[in-house]
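S.K.: So you can see what is in the structure, the chains are spelled out below.
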Amino acid sequence: MTRSSKAIRASLISSLTALAAVFTLLVKIPTGKGYLNLCDVVIFFAAFTFNPLIAASCAGLGTALADVIGGYPQWALVSFAVHGLEGLLAGLLARFSKPLALAVGVAIVPLGYLALGGLLTGYAVALMEAPLNLLQSLVGAVLGVMVSRSVKASYPPVYDLLI
Amino acid sequence: MKLDPRVKMALAVCLTIIVFLPLSVYGIAIYTAISIIFSLLLQGLSGTLRSLRSLGLFLVLIILMSPLMERSGQVLINLGAFHLLYRDGLVLALATAFRFVSISMAFSSLLGSSTQIEILMSLYALGLGRRSCLVISLTLSFIPFIGESFKRINESQKLRLGEDGHFSRWLFASLVSALVMTLRSTAPRAMALESRGCMLTGKLTGLVKLQSPLRAVLQTLALAAGFAVSYIGVRLI
Amino acid sequence: MKSLAVNNLSFNYKGCQRTLDGLSLKLERGEKLFVLGLPGSGKTTFLRCLAGFLPAFVKGDIEGSAVFEGKELLNADTQSSLGTLSLVGQNPEEQFLCTTVSDELACAFGNQGMPVQKLGELVDWGLAAYDLEKQRNQDLLSLSGGQKRRVLLAIDAMLGCPLRLYDSFYDGLDEKWKAIATRSIIESDATCICMSSRIDQSARLFSSFALLKDGKLTRVPDFQSLEARVDLSIQPGLQRRQREPVMLQASDLEISYRGGFDLKVPSLRVRTGETVGLFGENGSGKTSLARVLCGLDKVRSGKVICESRIGYLFQNPDYQIFLPTVMDELCYPSKPARLSRARKARVEEALKAFGLAPDAIATMLPPSSRKALQAAVYYVLDRPICILDELEASLDFQSAMRMLRLLESTGAGILLITHDKALQSLCSRVYQIEDGIVKEVVHEA
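Chains as they are written, first to last, in the working numbering: chain A, 200 to 362; chain B, 2 to 238; chain C, 9 to 453.
Each statement offered as a hint is correct.
Some, not all, of what chain B presents toward chain A, calculated at C-beta under 10 Å:
1. 51
2. 65
3. 69
4. 108
5. 138
6. 141
7. 155
8. 175
9. 180
10. 193
11. 199
Below, simulated DSS-like cross-link-like pairs (lysine-lysine); rule was C-alpha separation at most 25 Å, straight line:
12. B/152 <-> A/351
13. C/126 <-> B/210
14. C/10 <-> C/224
15. A/227 <-> B/152
16. B/159 <-> A/351
17. A/351 <-> C/343
In case anyone wonders, no lab produced these hints; they're calculated from the structure.
Note that the structure is a prediction, hence the values are computed from the model and not measured.
The beta-carbon is built from N, C-alpha and C at its ideal position, and this holds for glycine as well.
Turn these sequences into a full structure, and let the hints guide you.
M.R.: Structure (structure tokens):
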């Protein structure tokens, strides 16, 4: 790999991870119970456009850092594990079948938060949060697909970024 | 109190592990108190209060919801014919709440009392690869700038759409613009990385003086030993 | 002795026309060259080629050679330019890699493993030399535009490379720092190339001058001949359409903005059919005022009245461009196929007037065309009041004027925010920001 492509890779991973964190922190769609964030949009975009590693970094690191910055550091490790797995699997599966990648990605988030989040807050609260998490990753996935398509049409050099 | 960031990391890990070990609710309460004391020492009163305040909503949820999961033991409160609160439910709720506070305070005192560069250089000293450190540090520095651009994008899309500004339309436009702008800036940012030697592979230094590894190891061992002894003590009580 | 020799350098971005076309340049060791290049003339491309960044980082075709002290600079993929040359780019935000000022200054040296003690001393020197000591632990985001530029200049001085390249050199600096930065370049023994999109009086101190145009670099004998090359002739305005009168009126505003400054606006009016200027130095609060007028920011006191929505052309057109083609962007929020006849005619008119190709990919246009697209969007939207924020940032005077004239022809009232004196003469009335107060000045025709 040439020097420049290493630098581009580092820059791309970091900027997309930062964008995932920004979407987590700044996009707040009000719902009945609280807020939805849209980190999944970037995660699915990365999974469908680049590779599993970039998707995993965006997902895991982006959401974990957003937790730290947003003042919920206790959630950072949980987010890192759950979203990281989401990004990794979505990125891997996207090479074979996009619908499968979407389905698995969407399912992992509520299940992961139920399993690991339950350790933090107890399973009663985790169970209550599960539908909201499912809704969030569903919305994120649908928007992610639409946004990915649109971005690729609007900015064709995206294909040249990683060679 | 000043502690090496690596020791603070060890402290956070110890406090997180210990509250998941078998303990009575009183035991967990003791460690919650210890984590709050550490937080006061490390990030002061205002930082501690700020962190505690951010826990509010979750604590209320935990206290309200957890008792419903555990329906055995002595009935404490009845609502007509419905048994609202059992003794075991109350214990579960309190244990969960204390554990949550303890872990939260452990992490917020680590992050609230260290600068980014301290944490990064500590991770580097602990053996995290140079490339991984680079990605974390870049992400942290890009977040404010990308966040600022995203706010401007939001505003400009909102102003442009005017009366046609349906929420979903505006959101979609903003998301796409933000991604396109981020992708566009990838190349210039990569040039900056290259021209400042970020892609070099030798030793990394920064404006942080970490204490000697030996002292950090000794302090960490002392801390771990303290927790082990206290755990046995708490179990015996 | 020749230090830098560029021979027949040509470059085109993938799928685009040539940006640089057989450019040649020879520089003596220690020579300081000031290059005037209008927006879109390829300043950034030229400097990035020299730094070895093109086509390694952005796809394209390169031809020719550039040799500095016996070392080939083009296609530097196999070698690091660190230590040989430094490039201060146009947009500081795309070059910052750390969170705080002192870490940013330390970054390049920490990456090379400089011992902590020495690193600390070097950073202290950089902070002192560029008057950033107070900002040492401040977040980079919270700095003013001028301070951000000074951070980059400090890093450049700390690196102390023998070949130094500066893009948009005078952008964002106030008079005092323009002078200091120019002097520090002149006094250094490095070979320097400074690119600028506008003539600045501080540039008189340079030893040689050149003009970048049509992909070629032409030397000119002195500063005066460079000044003479800038076309500042004024074209007459177009016929303004009659439209229902609307007025934007602000009275007794008090605005406080980042940096702790206060701006007072006793009275400001913009009516449909007139072009009003708002002038002020960098950082005097022009953009903050515009944001208040558009309703983006709240004011401490006073009020803004306008019966209609205001069009606001942000300084950066990229905030808005997100659809695939120019046509899509102009028709938004409708689809091109579903456009009403009247609107379709208007879109066609805008395409022709602003010289845009309907099928061009919007995000891939050069900066000046993206700015034109942004203006065309508002031409189609036909808002009765438009605020134009620093048109001159990505346009030369003639194209800025053409764009202004076209927007005027819609009959809209225009508030032109700028710090370019030449644009001042195009306004019928002028407000000036002085000592934190917006005052109307009498216009001398």
